[in-house]
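Student: Residue strings, one per chain:
Number of protein chains: 4
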Amino acid sequence: MRKITLLIHCKDQKGIIAAVTNFIVKVEGNIIYIDQHVDVEQNVFFMRLETELTNASIPLDSIKTNFEQTIARDFQMSWDFYSKETKPKMALFVSKYNHCLFDILGRHSAGELDIEIPLIISNHIDLKPIADQFNIPFYHVPFTKDNKEEGEKRQIELLQQYQITFIVLARYMQIITPKLIALYKNKIINIHHSFLPAFPGAKPYHSAFKRGVKIIGATSHYVTEELDEGPIIEQDITRVSHINSIEDFIMKGRDLERTVLARAIKLHSERKVMVFENKTVVFY
Amino acid sequence: MRKITLLIHCKDQKGIIAAVTNFIVKVEGNIIYIDQHVDVEQNVFFMRLETELTNASIPLDSIKTNFEQTIARDFQMSWDFYSKETKPKMALFVSKYNHCLFDILGRHSAGELDIEIPLIISNHIDLKPIADQFNIPFYHVPFTKDNKEEGEKRQIELLQQYQITFIVLARYMQIITPKLIALYKNKIINIHHSFLPAFPGAKPYHSAFKRGVKIIGATSHYVTEELDEGPIIEQDITRVSHINSIEDFIMKGRDLERTVLARAIKLHSERKVMVFENKTVVFY
Amino acid sequence: MRKITLLIHCKDQKGIIAAVTNFIVKVEGNIIYIDQHVDVEQNVFFMRLETELTNASIPLDSIKTNFEQTIARDFQMSWDFYSKETKPKMALFVSKYNHCLFDILGRHSAGELDIEIPLIISNHIDLKPIADQFNIPFYHVPFTKDNKEEGEKRQIELLQQYQITFIVLARYMQIITPKLIALYKNKIINIHHSFLPAFPGAKPYHSAFKRGVKIIGATSHYVTEELDEGPIIEQDITRVSHINSIEDFIMKGRDLERTVLARAIKLHSERKVMVFENKTVVFY
Amino acid sequence: MRKITLLIHCKDQKGIIAAVTNFIVKVEGNIIYIDQHVDVEQNVFFMRLETELTNASIPLDSIKTNFEQTIARDFQMSWDFYSKETKPKMALFVSKYNHCLFDILGRHSAGELDIEIPLIISNHIDLKPIADQFNIPFYHVPFTKDNKEEGEKRQIELLQQYQITFIVLARYMQIITPKLIALYKNKIINIHHSFLPAFPGAKPYHSAFKRGVKIIGATSHYVTEELDEGPIIEQDITRVSHINSIEDFIMKGRDLERTVLARAIKLHSERKVMVFENKTVVFY
Numbered sequence: 001m002r003k004i005t006l007l008i009h010c011k012d013q014k015g016i017i018a019a020v021t022n023f024i025v026k027v028e029g030n031i032i033y034i035d036q037h038v039d040v041e042q043n044v045f046f047m048r049l050e051t052e053l054t055n056a057s058i059p060l061d062s063i064k065t066n067f068e069q070t071i072a073r074d075f076q077m078s079w080d081f082y083s084k085e086t087k088p089k090m091a092l093f094v095s096k097y098n099h100c101l102f103d104i105l106g107r108h109s110a111g112e113l114d115i116e117i118p119l120i121i122s123n124h125i126d127l128k129p130i131a132d133q134f135n136i137p138f139y140h141v142p143f144t145k146d147n148k149e150e151g152e153k154r155q156i157e158l159l160q161q162y163q164i165t166f167i168v169l170a171r172y173m174q175i176i177t178p179k180l181i182a183l184y185k186n187k188i189i190n191i192h193h194s195f196l197p198a199f200p201g202a203k204p205y206h207s208a209f210k211r212g213v214k215i216i217g218a219t220s221h222y223v224t225e226e227l228d229e230g231p232i233i234e235q236d237i238t239r240v241s242h243i244n245s246i247e248d249f250i251m252k253g254r255d256l257e258r259t260v261l262a263r264a265i266k267l268h269s270e271r272k273v274m275v276f277e278n279k280t281v282v283f284y
Numbered sequence: 001m002r003k004i005t006l007l008i009h010c011k012d013q014k015g016i017i018a019a020v021t022n023f024i025v026k027v028e029g030n031i032i033y034i035d036q037h038v039d040v041e042q043n044v045f046f047m048r049l050e051t052e053l054t055n056a057s058i059p060l061d062s063i064k065t066n067f068e069q070t071i072a073r074d075f076q077m078s079w080d081f082y083s084k085e086t087k088p089k090m091a092l093f094v095s096k097y098n099h100c101l102f103d104i105l106g107r108h109s110a111g112e113l114d115i116e117i118p119l120i121i122s123n124h125i126d127l128k129p130i131a132d133q134f135n136i137p138f139y140h141v142p143f144t145k146d147n148k149e150e151g152e153k154r155q156i157e158l159l160q161q162y163q164i165t166f167i168v169l170a171r172y173m174q175i176i177t178p179k180l181i182a183l184y185k186n187k188i189i190n191i192h193h194s195f196l197p198a199f200p201g202a203k204p205y206h207s208a209f210k211r212g213v214k215i216i217g218a219t220s221h222y223v224t225e226e227l228d229e230g231p232i233i234e235q236d237i238t239r240v241s242h243i244n245s246i247e248d249f250i251m252k253g254r255d256l257e258r259t260v261l262a263r264a265i266k267l268h269s270e271r272k273v274m275v276f277e278n279k280t281v282v283f284y
Numbered sequence: 001m002r003k004i005t006l007l008i009h010c011k012d013q014k015g016i017i018a019a020v021t022n023f024i025v026k027v028e029g030n031i032i033y034i035d036q037h038v039d040v041e042q043n044v045f046f047m048r049l050e051t052e053l054t055n056a057s058i059p060l061d062s063i064k065t066n067f068e069q070t071i072a073r074d075f076q077m078s079w080d081f082y083s084k085e086t087k088p089k090m091a092l093f094v095s096k097y098n099h100c101l102f103d104i105l106g107r108h109s110a111g112e113l114d115i116e117i118p119l120i121i122s123n124h125i126d127l128k129p130i131a132d133q134f135n136i137p138f139y140h141v142p143f144t145k146d147n148k149e150e151g152e153k154r155q156i157e158l159l160q161q162y163q164i165t166f167i168v169l170a171r172y173m174q175i176i177t178p179k180l181i182a183l184y185k186n187k188i189i190n191i192h193h194s195f196l197p198a199f200p201g202a203k204p205y206h207s208a209f210k211r212g213v214k215i216i217g218a219t220s221h222y223v224t225e226e227l228d229e230g231p232i233i234e235q236d237i238t239r240v241s242h243i244n245s246i247e248d249f250i251m252k253g254r255d256l257e258r259t260v261l262a263r264a265i266k267l268h269s270e271r272k273v274m275v276f277e278n279k280t281v282v283f284y
Numbered sequence: 001m002r003k004i005t006l007l008i009h010c011k012d013q014k015g016i017i018a019a020v021t022n023f024i025v026k027v028e029g030n031i032i033y034i035d036q037h038v039d040v041e042q043n044v045f046f047m048r049l050e051t052e053l054t055n056a057s058i059p060l061d062s063i064k065t066n067f068e069q070t071i072a073r074d075f076q077m078s079w080d081f082y083s084k085e086t087k088p089k090m091a092l093f094v095s096k097y098n099h100c101l102f103d104i105l106g107r108h109s110a111g112e113l114d115i116e117i118p119l120i121i122s123n124h125i126d127l128k129p130i131a132d133q134f135n136i137p138f139y140h141v142p143f144t145k146d147n148k149e150e151g152e153k154r155q156i157e158l159l160q161q162y163q164i165t166f167i168v169l170a171r172y173m174q175i176i177t178p179k180l181i182a183l184y185k186n187k188i189i190n191i192h193h194s195f196l197p198a199f200p201g202a203k204p205y206h207s208a209f210k211r212g213v214k215i216i217g218a219t220s221h222y223v224t225e226e227l228d229e230g231p232i233i234e235q236d237i238t239r240v241s242h243i244n245s246i247e248d249f250i251m252k253g254r255d256l257e258r259t260v261l262a263r264a265i266k267l268h269s270e271r272k273v274m275v276f277e278n279k280t281v282v283f284y
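Protein chains in written order, with the UniProt record's numbering: chain A, 1 to 284; chain R, 1 to 284; chain S, 1 to 284; chain W, 1 to 284.
Pulled out of the complex, with its shape left as it was, chain A reads as follows (with noise of 0.2 Å):
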């Protein structure tokens, strides 16, 4: 059986649900899973809708451009329609630090994403042999002031050959271009090691320590052009006290990171999380 998710926001109007459900009874569909949000200030309506489409014989594109005619364009809808059958493609981009990338390749290979790795890109050279333990392909793109350009121009040919759909940092050491910024817009996941918005930037580990926190966290994001800015998709925290060193913050919050970064992976993926103004809904 066909699984489509449906993805809706438009202004918030009277009658949208009605109208939306009526749809999906109307091309034979059965509503496995709804759920919505209207953003009040913002007066924005959001939709999360999976169906198992039961008869066969209507073709997923008539169902496409029927809604299109009809409902979205009534209701001035932004609306995506993803298969089930088809895997998000994403391309990791690595530096040096592997925990993040242990993580990420165990649980693929565990079976727990459902989504195609085609390809790993680095900075460096140094994790080359995990890719080559896990069979995925590994590209050495350096990236420095000097080659900013060339390996921008390499990495996009990279994600464009492989048609990759998301991009996910796991501990890049690199700022993305705002050029491919541009071309994955809300499709770069970062993990930042820090609760944000508390200690952005450089070293938060080591700020952390100095301001005598009591939790520490990691969060993972969206990339946009301000460092550290971009739409939050999710985060969490472990407790530290005085007896914990700075290696004790770094070895604790790596634990953070695997975990906050593998969630939003998995959310993004499985088409659960929505941008709207620099801020995500996220629908569990």
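Errors might be hidden in some of the hints.
[As the list claims (entries may be wrong)] Between beta-carbon pairs, the in silico distance windows are: (1) R:D114 - S:N135: 27 to 37 Å; (2) R:E85 - S:E247: 11 to 21 Å; (3) R:E277 - W:D80: 49 to 59 Å; (4) R:K145 - W:S207: 32 to 42 Å; (5) A:E225 - R:K84: 36 to 46 Å; (6) A:E229 - S:E226: 22 to 32 Å; (7) A:E229 - S:E85: 49 to 59 Å.
[Stated by the list, open to error] Simulated pairs of lysine to aspartate or glutamate, EDC-like, Cα-Cα distance not exceeding 16 Å: (8) R:K210 - R:E247; (9) A:K266 - W:D228; (10) W:K272 - W:D114; (11) R:K210 - W:E52; (12) S:K210 - A:E41; (13) S:K84 - S:D61; (14) S:K203 - S:D248; (15) A:K14 - R:D228; (16) A:K3 - A:E85; (17) S:K272 - R:D248; (18) A:K210 - S:E277; (19) R:K266 - S:D248; (20) S:K210 - A:D39; (21) A:K84 - A:E50; (22) R:K210 - W:E247; (23) W:K64 - W:E52; (24) A:K279 - A:D228; (25) W:K210 - R:E277; (26) S:K279 - S:D39; (27) A:K185 - A:E277; (28) W:K11 - W:D39; (29) W:K210 - R:D228; (30) A:K14 - R:E52.
Everything labelled a hint here was simulated from the structure, so no lab data went into it.
Cβ coordinates follow ideal geometry from the N, Cα and C atoms, glycine included.
Fit chains R, S and W to the known structure of chain A by using the hints.
Tutor: Okay, now just chains R, S and W, sitting in the frame of chain A:
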């Protein structure tokens, strides 16, 4: 503007959401919250909907009758309309522990609970001064093996006299009688000082200490005839370690009991909890 | 039996623990708790020790003098002996928010805090009825830009009159003057309604909502001249999501504020917190 | 510089700490960590001490003999000296679940665990490719009702051949025999996928789902002859709700199992866990 909360559950069927939302549109309601859940195993559909009725000229009773004779009948729904104007009336049952009582009365005084607390019933006289301090009628209803029937009779009289809609056992140390449970089915909230189903019954902190657990908990649940086996509304936990004595467990547990019970009261009084087959659906 | 708590900090050196524990053995003390910490970066040693003095014929003063003239001098210690018999005297500063006030007074009445609360000081009159309800003297000390000096003078007079040993700002909405801070160095506890250093200053829940965080927090800290920059005693967090409004943030935050402030009060009053260089050592 | 970890437990008596710290001073050790605990109920004293021996000319063996013949004898201590230079050797027992295996091997490869993993033993052949991928010898030791003795014999042979010091059951789905438990007393770590003592035995996620709990957990513990009754090392939990299916419980639980087991391995391998009377003292 009249605000209505609608709770529904029925056999899962096609078209329920569309039917209900169409109905709300028809009676000129503005949906401000809607959430639903399908229990796939039991094939049961649950919905919670909040609406503002914008047309004051349509009487609430006619809306109810209309709903009853059309949708509710068609889908064989169990359903309830609650008007925000009618505050739930809560009876507090206590014995000798005062921490939950202080917490609930403090929250109520601080305006956090949109309920009335017309009376406190206790099998001991000890906490009367607190009731006096907060100006709430206090009834001493002794309850022992020997006066069970009399005690139950007096409890029920008082509950009816004050038109009580739900009961909270704030560390009330007596069994509730089957008759009272039947009268207030899924309307008596207990706080048990363990992470159920671990450590049911008496002295859970002592058992937890003996077992050497690293985490203790508290559980709020509706009272059923099976002790500590009723539908769970809310749970929370806190860490303990070898340095903690039983007294520490009890002290840390008090904070859990307060918080978990307060959340359950809030959820119940805002009509966010539905019960089906000894489990709850909690719409946050 | 006399119970003594001993707090020590000094430059880290060989033999401190042995010297101190030998001393306690010599004065016939039974060590019931000992914990220590070395701040490796700063090279500072911290110790907290609880002892029962089993020989009533040795006067406490002679023990103190002995300690001062031998170990304390040899190791150039900062140190304090606290007798369990002397309860700390806490002044509560409040403005208009009542939830922390209810919580603290409820806990105190329930016997959870081993302190005295001789008075409440407020820049508004609103919360006087709560003080009356709990039978605690309430002083209205207006505090504005124009009467700063007069207000500060009155505050200090009252604190001295009641021999106050520490101050708790239970959502007190006024700046504390440098003079008062100097008089009660590391003895004024504030509760800030964010996960510091995120969102210092005014309206943190609004800022958190705007940023789209997935977790909110509260922080209790000692007041220093730099706003919200003092040594952190305790922090805690709770999850939020897109479904939560600013009002929900505020409501969930109230529970955090209550709990985090209560823990800080308990830790401070039990002499479990030591401060060094804007960070705390908290011996649980 | 030689680093030594010293673990001690004995009947609580006056003067232990002074005696031990004096001893360390005498052998020119620099104490870098010391923690102790008194189990008041059982009247047992526990201590963990890390020291750097600054004088290389004093042989470790003479220190040990000295300790044994003086303090250890005087206080009738159970004690152990561990040198940081000798890494613990861990055997992994697995069956068919791969997530804990990937996690542990990933962490080990990433340098987070200061241990050796000389072999993996499994009653199934399924996970051999993962062992191969990480270059760790894999032994298929079938284990059924009918070959119990033979299987146990083979397990013990392998453990002795590789000089294994502790065993980790990474979701190993077979009972460990009493003989093996006796050989590795408090040295076999299991991960149970519930918040023990809730839901011991088989299919805990199914039982948790049926009970309608709002929180699920995982527990790492030492294996004893009583199933799921051994000393608890670490526990953690995560929230669930009515929207979660059994499959969601299992998926969320995998993250708990990974994290809780990894923490237990780290604590055990760093000699931070002591066991007494079916409870653990965990020195963080």
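Student: Where does the structure disagree with the numbered hints, that is, which hint numbers, in rising order?
Tutor: 9, 11, 15, 22
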